[in-house]
Amino acid sequence: MRFKRIGLATAALTLLAGCNLNEPLSLKIAHINDTHSHFDEEFQKLGLPGADGAPTLTYAQVGGFPRLKTKIDQLRLDAAGEDKDFLLLHAGDAFSGTLFFSLFKGRLNADFMNLFEFDAMAIGNHEFDLGNEKLAEFAASVEFPLISANTKVKGDDALQGAYLPLTIKMLKDQPIAIVGLTTEHTEIISSPSDNTRFIKAKRAARKAVKALRQYGVNKIVFLTHLGLEEDRLLAQSVPGIDVIIGGHSPELLGDHSNIGLGNEFPSPIMETGPKGDPVCIMHSGEYSRTIGVTDVEFSGDGKVESCNGQNVFLVGEVFAQGTPPQPVDYDTQQVIAEYISANANIEIVQKDLTAQAMLDQAKLEVEAFASTVIGVTGEPLYHVRLPGDGHPDAGTIESGSMVAPHVAQSMANKMQQTSGQPYVSVMNAGGVRADLSGEITVGSAYTVLPFSSSLVSMSVTGESLLNTLSTNVSNAYQISGVAFPYVANIRYTINLTDPTTPSVQDVLIKGLDGIYQPLDFSSQYNLVTTSYLAGGGDLYQFEGAANVTDTGHIDADILVQYIENEPGGVLNRPNDWLSIIQ
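The opening residue of the sequence shown carries number 1 in this note's numbering; numbering runs sequentially from there.
No lab work stands behind these hints: they were computed from the structure. Since the model is a prediction, treat every value here as computed from it, not as a measurement. Every clue listed holds true.
Distance windows between CB atoms, simulated:
1) Arg76 - Glu463: 54 to 64 angstroms
2) Asp78 - Gly53: 27 to 37 angstroms
3) Leu57 - Ala80: 33 to 43 angstroms
4) Glu365 - Asn114: 15 to 25 angstroms
Within a straight-line C-alpha distance of at most 30 angstroms, the following computed BS3-like cross-link-like pairs (lysine-lysine) qualify:
5) Lys134 - Lys363
6) Lys351 - Lys28
7) Lys303 - Lys172
8) Lys28 - Lys172
9) Lys154 - Lys200
All C-beta atoms, glycine included, are put in the ideal place defined by N, C-alpha and C.
All chains should be modelled from the sequences, with the hints used to inform the complete structure.
The structure is reproduced here in structure tokens:
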């Protein structure tokens, strides 16, 4: 969909002639964010009752676009029955994350979202992962506007005219504005063109609100991809914002302790704007497991009189409990179903048949795609956890895993390509799950890295980096080999003279010039690792880390790109990076 570039004020003035601007409005907003092409249902651990009614670890099939379609249709009917207007919004990052996206790029997202009849989508940082041309193709294929008021392109860029800063929906002859914002970090964590810049979100927000208010629009929703903390600051800083539907950060709003999940944030979050007016903030969860439902009552002068928000987990009818998990019996199934029906944040939802047929066809194509050859190994590359561990096909491997260093290098390369800055990376041995030998397929990469961890960028001091390496080398030898740190653009030595107290020494760091220099305790280093490790997995800690950013890039996707970019697609034994003193 192409749009003529016109000023905000002109667009508002053109659309508002003859409108009722000062009437109350009841609005139901259904919204999702950070779906990352997770079209299919996924198993999730929940706390649901057992046969005796006591909370029990339960595995359930959660989410997926066929369930989303059913729920959205129901919410539209609910809104009509409640005499409310209805909006369906996506707060960005539909792109990347699964084999579906690797194969279909934005096409399957567009097909599903057109079927759902979205009203608008904010441009997320991952929408730029394949560059501006692919994003422009996606924009041309959807039947709703992509919006971002702080994304600017110049010249004859492919994205020129493919999106809008905002859109105005007419609801019962009343205009409601939906303004988009995109994280300013996009230029360093994704791949926009050189013609693209991201101005300050608050500045763009003030400009949009001023133009809309000038022409009488007094009900303004911001659809943002900034992250929860940035949304809260936006609400506190920019007057005239009524509702923020956001994405980009993984927080799940609401009390979900009744199903064994968290209760970290209220739902919705209510902030006070700089002029004392209430601002309602809602985020949904990620990966299409949940849908956000936000009911807003506006007064005639555009004030938020009430705002109620609920994130709803969409689950199937199959539940498993026990060790190992087994499908529950009929009586337990009834106990669980009754419990779910009594709670507003979880619902058993049937799959829409049209959406399921689309998904089934896509899955057949993905299965074929997974067999696509992306490279070949120069020799078998075996994976073990610790240097000196034995492998059933290769015997003792003194240097440790031959696969994990490539995983680490793929992460560092990706961040250097997107940021233009030098990066080191750290990968745990337990995160790598398979050898590579002979032809390497797309499926091989996902077998090596099956956990769909995202890449997290941060800045650490040299002292902190040494502590991370030292602690996890020690943990690997004394607790579990899963913690062993494989690295890229780092060389280090392990002293095992006393195996009970292994130590790390002689750490060297590689610069963009390819030269290794001794680690400087006081210098700052850019580091990338997985979301699992950044979140404390396998006891990892990155002391004093600054500028921590979850890029959303999925580790297996990045490994595929890395292998494809190797000369001739040949993956060889990794270079020597580790020395051991025994």
